[in-house]
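Heads up: the protein sequence lines correspond to chains S and B, in order. Remember, the numbering used here sits 1 above the position in the first sequence when you count from 1. Remember, the numbering used here sits 154 above the position in the second sequence when you count from 1.
Keep in mind that the hints are not guaranteed to be accurate.
So, partial list: chain S residues that the calculated Cβ filter (under 10 Å) puts toward chain B [as the list claims (entries may be wrong)]:
id, residue
1, A77
2, R240
3, V246
One-sided and incomplete, this derived list gives chain B residues near chain S with beta-carbon spacing under 8 Å [to be verified]:
id, residue
4, N232
5, S314
6, D315
7, A318
8, L322
9, R385
10, L391
11, Q401
12, A402
13, G509
Okay, the calculated beta carbon distance ranges per label pair [as the list claims (entries may be wrong)]:
id, chain 1, residue 1, chain 2, residue 2, range
14, B, P308, S, A72, 52 to 58 Å
15, B, I327, S, S184, 53 to 59 Å
16, S, D131, B, I214, 52 to 58 Å
Hints are computed from structural coordinates only; laboratory data are not their basis. The beta-carbon is built from N, C-alpha and C at its ideal position, and this holds for glycine as well.
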Amino acid sequence: MSRLAVDGLSLRFGGLEALAGISLDIAEHALYAVIGPNGAGKTSFFNCLTGYYRPSAGTVSLDGRDITRMAVPDVAALGIRRTFQNVRVFPRLSAHENVLAGAHLRSSASLVGTLLGTPAMRRAERALADEAQRWLEYVGLADKSRVLAADLPYGMRKRLEVARALMGQPSVLLLDEPAAGVSSVEREELVAVIRRTWESGVTVVMIEHDVELVMQLATRVAVLQRGRLLVEGSPEDVRTDQRVVEAYLGRRRG
Amino acid sequence: MANGSSSPPGTSDIGSDVSARGIRAAAEPSRPAARRAGASGGPRPDSRLATMARNRSALIVLAALAAAAILPETGQGNYVMSIAVQIEILMCLVLGLNFVVGYAGMLDLGFAAFFAIGAYMTGLLSVDLHWPILATIPPAIGAALLGAVFVGLPTLRLRSDYLAVVTLGFGEIIQEVVTNLNQTGGPEGISGIPPLRIGGLVVTTNDGYYNVFLVLVLVFVAVSFRVRHSRLGRAWLAIREDEDTAQAMGIKVRRFKLYAYMAGSVFGSITGSLYGSAFIAIAPPSFGFNESLLVVMAVSIGGIGSIWGGLLGAGIVVAFPEVFRQFAQARLLVFGVVLVLIMVLRPQGVWPESGLGLDRAARFVARFPGRRGEAIAARRRAAGVERTP
Numbered sequence: 002m003s004r005l006a007v008d009g010l011s012l013r014f015g016g017l018e019a020l021a022g023i024s025l026d027i028a029e030h031a032l033y034a035v036i037g038p039n040g041a042g043k044t045s046f047f048n049c050l051t052g053y054y055r056p057s058a059g060t061v062s063l064d065g066r067d068i069t070r071m072a073v074p075d076v077a078a079l080g081i082r083r084t085f086q087n088v089r090v091f092p093r094l095s096a097h098e099n100v101l102a103g104a105h106l107r108s109s110a111s112l113v114g115t116l117l118g119t120p121a122m123r124r125a126e127r128a129l130a131d132e133a134q135r136w137l138e139y140v141g142l143a144d145k146s147r148v149l150a151a152d153l154p155y156g157m158r159k160r161l162e163v164a165r166a167l168m169g170q171p172s173v174l175l176l177d178e179p180a181a182g183v184s185s186v187e188r189e190e191l192v193a194v195i196r197r198t199w200e201s202g203v204t205v206v207m208i209e210h211d212v213e214l215v216m217q218l219a220t221r222v223a224v225l226q227r228g229r230l231l232v233e234g235s236p237e238d239v240r241t242d243q244r245v246v247e248a249y250l251g252r253r254r255g
Numbered sequence: 155m156a157n158g159s160s161s162p163p164g165t166s167d168i169g170s171d172v173s174a175r176g177i178r179a180a181a182e183p184s185r186p187a188a189r190r191a192g193a194s195g196g197p198r199p200d201s202r203l204a205t206m207a208r209n210r211s212a213l214i215v216l217a218a219l220a221a222a223a224i225l226p227e228t229g230q231g232n233y234v235m236s237i238a239v240q241i242e243i244l245m246c247l248v249l250g251l252n253f254v255v256g257y258a259g260m261l262d263l264g265f266a267a268f269f270a271i272g273a274y275m276t277g278l279l280s281v282d283l284h285w286p287i288l289a290t291i292p293p294a295i296g297a298a299l300l301g302a303v304f305v306g307l308p309t310l311r312l313r314s315d316y317l318a319v320v321t322l323g324f325g326e327i328i329q330e331v332v333t334n335l336n337q338t339g340g341p342e343g344i345s346g347i348p349p350l351r352i353g354g355l356v357v358t359t360n361d362g363y364y365n366v367f368l369v370l371v372l373v374f375v376a377v378s379f380r381v382r383h384s385r386l387g388r389a390w391l392a393i394r395e396d397e398d399t400a401q402a403m404g405i406k407v408r409r410f411k412l413y414a415y416m417a418g419s420v421f422g423s424i425t426g427s428l429y430g431s432a433f434i435a436i437a438p439p440s441f442g443f444n445e446s447l448l449v450v451m452a453v454s455i456g457g458i459g460s461i462w463g464g465l466l467g468a469g470i471v472v473a474f475p476e477v478f479r480q481f482a483q484a485r486l487l488v489f490g491v492v493l494v495l496i497m498v499l500r501p502q503g504v505w506p507e508s509g510l511g512l513d514r515a516a517r518f519v520a521r522f523p524g525r526r527g528e529a530i531a532a533r534r535r536a537a538g539v540e541r542t543p
């Protein structure tokens with residue numbers, strides 16, 4: 002069964018057609034990669050899936066439910082979490098608090114409980130705090146929990162963003178260029194984290210420029226070019242597709 | 155969370171499920187730092203210096219509290235005690251505004267409006283209808299909440315600068331209304347507000363109100379800390395840090411901004427109610443733009459978002475003009491220069507959210523050669539707080 006179904010998705014900014022009739026199905030157990038040259042519409046595509054952009058036409062559905070015109074928090078409430086291309090952690094909060102912020106929809110703290118600090122309330126808070134610490138461990142940031150996010154190096158901020166997303170117990174995780182600007186050592190860790198997350202049953206969709214990483218991880222690949230879906234298929238199919246080679250390297254002359 | 159029947163296996167308990175793997179992953183040799191923390195059972199790694207700095211902050215707070223508690227017993231004159239009460243009142247307002255400016259990150263230039271609503275509701279109900287002061291507090295809170303929703307609902311989608319202008323307008327409107335309405339006593343305001351009665355106790359003296367407001371400050375501080383480390387506080391901070399990203403966590407930004415506004419209005423109105431009772435008479439000039447500005451000033455001088463900083467800021471803003479009385483006519487000029495100096499030298503505030511900076515000061519010392527610096531640096535490295543250079 003498809004987890005995310007995208008049908009005829011179009012997005013227009015004035016005269017610019019950012020997305021033009023994209024249709025694809027992302028299966029429940031997919032580790033799906035979206036690739037394509039700069040400006041192909043990959044991030045716009047993500048923004049349409051998560052409610053940041055209202056598509057001009059077409060539909061997006063999650064588990065058969067239409068989410069096309071939903072507001073961002075409502076989409077999040079249905080179990081979609083994402084990271085951002087330009088790493089958006091909360092700079093003046095500690096790493097631990099960043100992850101905890103991801104649990105917003107999971108705690109049902111009443112005002113009275115909060116003000117009085119009832120035992121049930123404290124227990125629930127404690128459990129979330131412990132879990133946040135475990136997610137930090139999961140992405141290899143266990144010893145950074147008290148460090149302000151702004152003070153973390155770039156690669157760690159990227160992993161922190163992943164931990165924050167996972168704290169929300171997503172059924173779908175969208176990663177916008179997880180490996181961009183990350184050192185080769187960190188890249189290995191990142192690959193491990195993504196793979197483990199996918200193996201635990203989360204549908205992972207990632208935008209990635211690193212074709213090697215995509216071939217190594219993805220079960221399915223979509224190639225976008227100038228807002229259109231160029232090719233969709235297994236990594237092997239995509240790698241050998243003549244149109245993809247042309248899109249990336251240009252047409253052979255003569 | 156609506157995962158529904160189609161959620162993947164293990165999603166519901168993914169935290170505990172994955173944690174086992176997380177620990178195993180942390181034990182991989184490629185990640186020594188993680189292994190260290192994982193193996194030690196997860197107590198947050200910390201340098202002794204940071205702990206010392208925190209303890210020192212706690213000591214400062216305790217000392218200040220002790221001093222505040224015995225102040226009425228030290229036989230200060232009415233002058234000192236009335237300044238002290240003014241400081242406490244501003245502290246209460248600062249803690250209210252802190253929800254809005256410090257936590258949710260919205261600039262509010264009309265906070266005195268809620269102070270006014272509280273004072274006038276209490277004034278009207280106690281003088282005209284002879285309600286006891288305590289009984290007037292709930293309706294005053296209700297009125298302030300209505301005010302908060304009234305301004306908040308249509309305007310909270312605005313971003314900072316525009317919101318600041320709207321709140322400024324709201325503050326002015328409230329002041330104009332109470333100045334021009336006959337029912338609120340016009341420019342003369344309301345006088346003859348009865349003293350506060352708590353059970354059989356009637357509070358009539360300056361010292362008495364000093365203690366009342368001291369308790370109020372402590373309650374507000376406790377509530378502020380509770381809220382800060384709750385779902386509500388985290389949502390506010392996320393909004394302050396990055397509104398768009400906060401939405402991706404499922405935080406309904408506009409609703410939570412309204413909550414911040416409402417929380418602030420509750421603190422402001424309670425303070426106003428007791429203010430009316432303490433000063434017997436209230437008049438429009440006490441609730442103008444100057445008052446709003448004073449609160450914003452105290453928040454920013456102390457350190458935006460910092461509870462202790464805000465309290466310190468309130469002390470500075472009220473006490474300095476008094477201390478500078480020796481400069482006679484130049485006192486406000488001196489005050490202004492001092493404020494500018496503080497903001498230039500410590501733009502993050504005197505006591506920012508991230509702490510007094512004693513730890514950072516120590517790190518600064520550690521940069522210098524010499525035995526003491528070396529020892530501190532070594533200790534920090536050993537604690538794993540600082541990356542080896």
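Hints versus structure:
1. A77: holds, 4 Å
2. R240: Cβ of R240(S) sits 28 Å from chain B, so the hint is violated.
3. V246: violated, 35 Å
4. N232: violated, 36 Å
5. S314: violated, 16 Å
6. D315: violated, 20 Å
7. A318: It is violated, given that the least Cβ distance between A318(B) and chain S is near 20 Å, above 8 Å.
8. L322: violated, 26 Å
9. R385: Because about 4 Å separates R385(B) from the closest Cβ in chain S, which is inside the 8 Å limit, the hint holds.
10. L391: holds, 6 Å
11. Q401: holds, 4 Å
12. A402: OK, holds: A402(B) within 8 Å of chain S, min 6 Å.
13. G509: violated, 11 Å
14. P308(B) <-> A72(S): 52 to 58 Å: This hint is violated: roughly 18 Å between Cβ atoms.
15. I327(B) <-> S184(S): 53 to 59 Å: Once the Cβ atoms are compared, 56 Å apart, the range 53 to 59 Å for S184(S) and I327(B) holds.
16. D131(S) <-> I214(B): 52 to 58 Å: violated, 31 Å
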